[in-house]
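Engineer: On the provided structure of chain A, position chain B with the ligand as indicated by the hints.
Chains as they are written, first to last, in our numbering: chain A, 1 to 152; chain B, 1 to 255.
Honestly, the hints are just simulated from the structure, not real lab data.
Here the structure is a predicted model, which is why all the values come from computation and not from measurement.
Note that the Cβ used here is the ideal one computed from N, Cα and C, for glycine as well.
Mixed in with the good hints, there may be bad ones.
[Claimed, not checked] Heads up, simulated SDA-like pairs for lysine to any residue below, C-alpha to C-alpha not over 20 angstroms straight-line:
hint, chain 1, residue 1, chain 2, residue 2
1, A, 96, A, 42
2, A, 150, B, 145
3, B, 134, A, 78
4, B, 134, B, 55
5, B, 134, A, 130
6, B, 134, A, 108
7, B, 134, A, 82
8, B, 134, A, 22
9, A, 150, B, 41
10, A, 150, B, 38
11, B, 134, A, 152
12, A, 77, B, 55
13, A, 96, A, 131
14, A, 77, B, 123
15, B, 134, A, 29
16, B, 134, A, 79
17, A, 150, B, 141
18, B, 134, A, 109
19, B, 163, B, 130
20, A, 150, B, 130
21, B, 134, A, 107
22, B, 134, A, 96
23, A, 150, B, 44
24, B, 134, A, 99
[Unchecked claim] A short, non-exhaustive set of chain B residues, derived as facing chain A with CB atoms under 10 angstroms:
hint, residue
25, 33
26, 35
27, 39
28, 41
29, 44
30, 45
31, 47
32, 49
33, 52
34, 123
35, 132
36, 243
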Amino acid sequence: MKPAAEEIWDWLDAVPDPEIPVISVVDLGIVREVNWDGDTLEVAVTPTYSGCPATSVISMDIETALHDRGIRDVRIKTQISPPWTTDWLSEKGRAKLMDYGIAPPRAAGGPDCCPRCKSTNVTRISQFGSTPCKAQWRCADCLEPFDYFKCI
Amino acid sequence: MAQVDQAQLFEFLCRMGDNTLVLGHRVSEWCGLAPVLEEDIALANTALDLIGQTQMWLGLAGEVEGKGRSADDLAMLRDVWDFRNVLLVEQPNGDFGQTMMRQFLFDAWHLAVLTALAESSNDRIAAIAAKAVKEVQYHVERSGDTVIGLGDGTSESHQRMQKALNLLWPYVGEMFVTDAVDDAMAKAGIAPDLATLRAAFDTHVGGILTEATLTIPDGKFTHKGGKTGFQHSEHLGHMLTQMQWLQRAYPGATW
Ligand SMILES: [Zn+2]
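Next comes chain A alone, as it looks inside the complex (with noise of 0.2 angstroms):
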């Protein structure tokens, strides 16, 4: 008996991202869809940067969780249209962020607060991070540089 979707994406919410482990592939907002074509289950991924060498380890990580579930067949489909947005990030995975030292995205372009102390006292480093999706910001109270997830 073939898995429903619902379970398939429970699965795969287990799947950390490589980068970026306190949130999952699901989180991320990659993957957009989960279709059962005979015996072969087709998963719709949708990279955030072109570049971003996270994207085949991502693919690799997808299969392998959905092999050891049983899945025999799965064919991971590269859909770039439309492209991903950072409104895609699940509430869960932008509170996970925010955990974890990282500022969530925001549409006016720059974080709300600073992860650690919360002031909303911070100025950009640099529109560039330690990954494409981030961007250096700074505390002013605290003085902690932080990273910021970029709003694409």
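Structural biologist: Same frame as chain A, now just chain B with the ligand:
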């Protein structure tokens, strides 16, 4: 989807992909060498975006060509005369200021072209452009800010940025020169008529350069021959010896 000559479409896609490939490689040459850590990271991320975009453009080019060549084959196994990038992007990095001036002039053009391509009559091209344009908005924000910061900075940084602009400005015209390939793409609604993008480019770039207290040099001379493959500058061949070294020395090597 409008019908278009597939050889011309292949040519157009190579132009898009070779611009991002050559600039992406050039920018990656800074990795570990930039003046400060933040800039090193920003340059590496910009290079990464450009190489990622290359994979999509050249991947599609290979499909259109229909000879079984992958994006990697096109990137690593073609010679200088088969490259279709504009001459601007193959120019050497020079100092940090020159690298950022080259980046800004390309980014401003790239943003305008991708914005138009996102409305392409070809769905595949529209999808790649819609993805890439989001990344390029960040590129141009940073390169524009940096050009302003250094141009309107110290007398040393100002003088270096003016020198970079004088050197690179004659390469801008080639990005807007059109030929039969561009005309065919424009006619099929696949790509914009490049000439129509020039006025907005001049306003955008002119505004930033004025804020940077820099002066666009006089003269209409334009270096060209890169996007048609007619004549690249001497620099591209030297760059390819580095970029393609591994695949040339160990054909078929994989990770
Ligand atoms: Zn703080």
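Engineer: Against each hint, give a clear statement of whether it holds in the structure.
Structural biologist: These are the hints, each one checked on the structure:
{"no.": "1", "hint": "96/A - 42/A", "verdict": "violated (28 angstroms)"}
{"no.": "2", "hint": "150/A - 145/B", "verdict": "holds (18 angstroms)"}
{"no.": "3", "hint": "134/B - 78/A", "verdict": "holds (18 angstroms)"}
{"no.": "4", "hint": "134/B - 55/B", "verdict": "holds (16 angstroms)"}
{"no.": "5", "hint": "134/B - 130/A", "verdict": "holds (18 angstroms)"}
{"no.": "6", "hint": "134/B - 108/A", "verdict": "holds (16 angstroms)"}
{"no.": "7", "hint": "134/B - 82/A", "verdict": "holds (12 angstroms)"}
{"no.": "8", "hint": "134/B - 22/A", "verdict": "violated (25 angstroms)"}
{"no.": "9", "hint": "150/A - 41/B", "verdict": "holds (15 angstroms)"}
{"no.": "10", "hint": "150/A - 38/B", "verdict": "holds (16 angstroms)"}
{"no.": "11", "hint": "134/B - 152/A", "verdict": "holds (6 angstroms)"}
{"no.": "12", "hint": "77/A - 55/B", "verdict": "holds (16 angstroms)"}
{"no.": "13", "hint": "96/A - 131/A", "verdict": "holds (18 angstroms)"}
{"no.": "14", "hint": "77/A - 123/B", "verdict": "holds (17 angstroms)"}
{"no.": "15", "hint": "134/B - 29/A", "verdict": "holds (17 angstroms)"}
{"no.": "16", "hint": "134/B - 79/A", "verdict": "holds (16 angstroms)"}
{"no.": "17", "hint": "150/A - 141/B", "verdict": "holds (13 angstroms)"}
{"no.": "18", "hint": "134/B - 109/A", "verdict": "holds (13 angstroms)"}
{"no.": "19", "hint": "163/B - 130/B", "verdict": "violated (34 angstroms)"}
{"no.": "20", "hint": "150/A - 130/B", "verdict": "holds (17 angstroms)"}
{"no.": "21", "hint": "134/B - 107/A", "verdict": "holds (14 angstroms)"}
{"no.": "22", "hint": "134/B - 96/A", "verdict": "violated (25 angstroms)"}
{"no.": "23", "hint": "150/A - 44/B", "verdict": "holds (17 angstroms)"}
{"no.": "24", "hint": "134/B - 99/A", "verdict": "violated (27 angstroms)"}
{"no.": "25", "hint": "33", "verdict": "violated (16 angstroms)"}
{"no.": "26", "hint": "35", "verdict": "violated (13 angstroms)"}
{"no.": "27", "hint": "39", "verdict": "holds (8 angstroms)"}
{"no.": "28", "hint": "41", "verdict": "holds (5 angstroms)"}
{"no.": "29", "hint": "44", "verdict": "holds (8 angstroms)"}
{"no.": "30", "hint": "45", "verdict": "holds (4 angstroms)"}
{"no.": "31", "hint": "47", "verdict": "holds (8 angstroms)"}
{"no.": "32", "hint": "49", "verdict": "holds (5 angstroms)"}
{"no.": "33", "hint": "52", "verdict": "holds (3 angstroms)"}
{"no.": "34", "hint": "123", "verdict": "holds (8 angstroms)"}
{"no.": "35", "hint": "132", "verdict": "holds (6 angstroms)"}
{"no.": "36", "hint": "243", "verdict": "violated (16 angstroms)"}
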